[in-house]
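Chemist: Let the hints inform the model, and build the full structure from the sequences given.
Number of protein chains: 2
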Amino acid sequence: MNIVINGAYQTKFGELWDKSLHDLMTEAIDGALQDAGLEKKEIEIVFLGNKMASQVSDQNHLSALVNEILGYRIPVVRVESACASGGVALSQACFALESGQYNKALVIGAEKMTDLPIEQISYSLMHAASEQERQAGLSFVGLYALMAKNYLQTFGASQEDLAYPAIKNHKHATLNPKAQFPFEISLEQVAQSALVADPLRLLHCSGITDGAAAVVLENLGCEARKNNQVQVVASVQAGETLALSARQSLTTIESTKDAAQKAYQQAGIGPEDISLLEVHDCFTIAEILAVEDLGLCHKGEGHIAMRNQKFTIGCPQPVNISGGLKACGHPVGATGVKQIVELCNQLKGRAGARQLNKPLVGLAHNVGGTGGTVVIHILKI
Amino acid sequence: MNIVINGAYQTKFGELWDKSLHDLMTEAIDGALQDAGLEKKEIEIVFLGNKMASQVSDQNHLSALVNEILGYRIPVVRVESACASGGVALSQACFALESGQYNKALVIGAEKMTDLPIEQISYSLMHAASEQERQAGLSFVGLYALMAKNYLQTFGASQEDLAYPAIKNHKHATLNPKAQFPFEISLEQVAQSALVADPLRLLHCSGITDGAAAVVLENLGCEARKNNQVQVVASVQAGETLALSARQSLTTIESTKDAAQKAYQQAGIGPEDISLLEVHDCFTIAEILAVEDLGLCHKGEGHIAMRNQKFTIGCPQPVNISGGLKACGHPVGATGVKQIVELCNQLKGRAGARQLNKPLVGLAHNVGGTGGTVVIHILKI
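Going line by line, the protein sequences match chains A and B.
In this text, residue positions in the first sequence follow the working numbering: the first is 25, and each later residue adds one.
In this text, residue positions in the second sequence follow the working numbering: the first is 25, and each later residue adds one.
By construction, these hints were calculated from the structure, which means they are not laboratory data.
Mixed in with the good hints, there may be bad ones.
What the hints assert, rightly or not - Under the rule of at most 27 Å between Cα atoms (straight-line distance), these lysine-lysine pairs were calculated in the BS3-like manner:
| id | chain 1 | residue 1 | chain 2 | residue 2 |
| --- | --- | --- | --- | --- |
| 1 | A | K334 | A | K372 |
| 2 | B | K128 | A | K65 |
| 3 | B | K128 | A | K281 |
| 4 | B | K128 | B | K286 |
Modeler: Right under this line is the structure:
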């Protein structure tokens with residue numbers, strides 16, 4: 025695999041009431057192409073991750089809509105895998121480039137979530153859960169609460185431990201001008217925020233967000249990589265049952281472990297070689313499970329590492345410097361691509377106030393639902 | 025490309041009120057695997073085409089649902105491109121196999137359309153058209169009616185000419201036990217059927233259908249193909265604007281021409297080498313445009329060829345022997361995969377009462393919307 029990322033762009037994330045899905049996609053496409061120094065016509069194929077346009081914007085067949093935005097005829101593939109739609113779009117682009125049929129691909133993740141009342145958005149989001157779980161009255165925060173409760177009981181963690189990923193990610197977000205919630209929160213504020221689904225409180229949850237991101241990929245084939253070109257050294261998707269009730273364990277997401285194992289193998293590295301990570305923290309418990317399942321620490325010790333600020337900027341392996349889903353925002357179909365944009369900016373040394381000191385390897389971990397789909401990418405400079 | 029199809033299966037198409045989307049997918053998966061002589065665990069990756077589950081069954085994240093049906097953890101990719109979702113799923117599977125990362129893939133197309141009142145289905149279907157067209161009050165039959173009207177005026181064809189593809193496809197469907205409408209219709213019946221959108225009448229339109237289909241693909245790599253193994257010799261997707269109003273012509277679908285040109289090139293053949301075709305006849309005008317844009321006859325002469333029964337079973341290049349979308353039925357996400365199943369059965373000599381005399385090459389043409397997405401596959405025995 026000799027695929028590089030030549031351009032990367034993220035729109036502002038937030039409640040963007042003055043912008044349509046069309047606007048967001050257009051901005052992301054233009055931004056990524058400008059960054060790559062390419063004309064639209066140089067792109068040969070497009071991959072698009074989106075979950076909710078049919079429900080929120082009464083619009084699917086987004087592939088043809090992208091043709092209209094680009095202004096010329098080109099194959100466009102829309103994928104949907106709940107909140108992992110962006111990651112899946114990128115992994116499909118890698119297949120297309122590796123097949124040798126195409127050399128330059130554009131990958132877009134875009135989502136508009138704030139145009140409907142919150143009840144309708146919540147209802148639509150639950151289309152990504154199993155029928156039985158919905159009939160039992162579970163929401164996604166309810167499902168992750170079951171995982172959190174099980175985790176606390178199994179490993180003797182406290183509710184307070186669930187706060188640390190949120191506190192860290194909000195701190196990181198203050199350094200990110202694209203973030204939806206760029207302000208710090210305290211342990212007290214988390215503890216006093218409304219209880220949504222015991223033990224998860226409002227400030228343990230990511231928000232409802234509009235936004236888009238795009239990257240331009242190129243298959244270099246036998247050509248040598250230029251200085252400062254970010255390479256995709258692993259691209260792996262894994263799957264799991266839709267329903268939590270069909271699984272052996274609630275404290276491990278097996279699809280994350282499956283994908284991680286294969287991704288490390290593809291990249292020829294181990295978790296210790298990663299300089300920074302963007303992981304899927306839709307709820308704080310998800311980030312704790314992620315750092316364990318990705319092999320950054322032992323099972324059951326993620327909450328201790330978080331409490332000891334092991335993954336905060338300044339430490340050897342910072343997690344979610346962008347602010348993560350929690351504080352940068354979570355426009356579901358865009359998240360997987362935005363993680364890649366963040367890693368690219370860090371690896372290229374252009375991440376502004378939150379720039380790390382010459383990071384070499386980044387890992388992006390994108391989850392659909394409660395782990396029914398997981399996509400992991402590893403990038404190297 | 026050395027990809028073969030080792031298993032193929034189609035469920036009965038029709039108003040299957042006793043079957044859920046889960047049931048249909050399960051039947052198609054089991055059928056294709058049995059035909060391939062494979063155990064579930066031998067499949068390494070799955071691609072799924074579906075358009076409407078979110079609206080009809082309140083269910084997306086179908087990828088994880090497939091993991092539950094299969095009973096083990098595996099990457100599953102759901103694609104959506106309106107009525108071309110099935111074809112796109114197959115072309116993505118080809119990329120994955122050609123990338124060398126996987127050897128055996130399962131491709132599923134599945135759609136449940138009869139569980140909602142017809143007004144809701146029609147509304148949901150229109151999510152695949154442009155916002156402006158919907159606001160102008162156009163439905164898909166309205167959009168194709170604009171194309172039909174333009175065709176009749178440009179090429180001096182009559183409304184009667186629009187009937188012949190329907191009459192032929194219903195005749196073919198009488199030979200297909202899986203068809204939704206396996207009965208003949210007459211020129212008079214078409215002429216007397218209700219006018220839906222001038223000049224298109226009810227019997228010019230395909231129906232609302234439930235159904236699923238699946239195929240098992242294998243990348244043989246350097247291995248020789250066995251006797252009676254169907255090979256995929258071309259797999260091409262092309263795109264067009266979402267809105268008809270953004271196009272130069274209403275009497276040509278440029279994405280069909282783009283995809284056909286590239287597919288013939290990939291396969292190293294011309295249209296004259298094709299033994300049989302399954303083309304996207306959502307409305308009869310679509311089949312007339314298809315045979316022209318695929319190069320089977322000159323532009324503007326498709327209706328004459330249809331009138332002269334040039335594409336009926338028994339002729340050198342029969343079109344839609346399955347009954348097509350018109351008479352076999354059109355469960356939108358399943359159609360593209362069902363076309364492949366039909367071609368496989370013919371090429372393998374197991375198409376029962378409608379079996380041709382040793383066909384060698386088959387072409388499948390799957391269209392999303394009014395041509396915003398087109399996928400063409402060419403198969404060879």
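Chemist: For each hint, tell me whether it holds in the structure or not.
Modeler: Outcome of the hint check:
1. The suggested pairing of K334 (chain A) with K372 (chain A) holds, with an alpha-carbon distance near 24 Å, which does not exceed 27 Å.
2. Annotation: proposed proximity of K128 (chain B) to K65 (chain A) is violated, straight-line Cα distance about 34 Å (limit 27 Å).
3. This hinted pair checks out: K128 (chain B) and K281 (chain A) have alpha carbons roughly 22 Å apart, not beyond 27 Å.
4. Simply put, K128 (chain B) and K286 (chain B) have alpha-carbon atoms about 25 Å apart, close enough for the 27 Å limit, and the pair holds.
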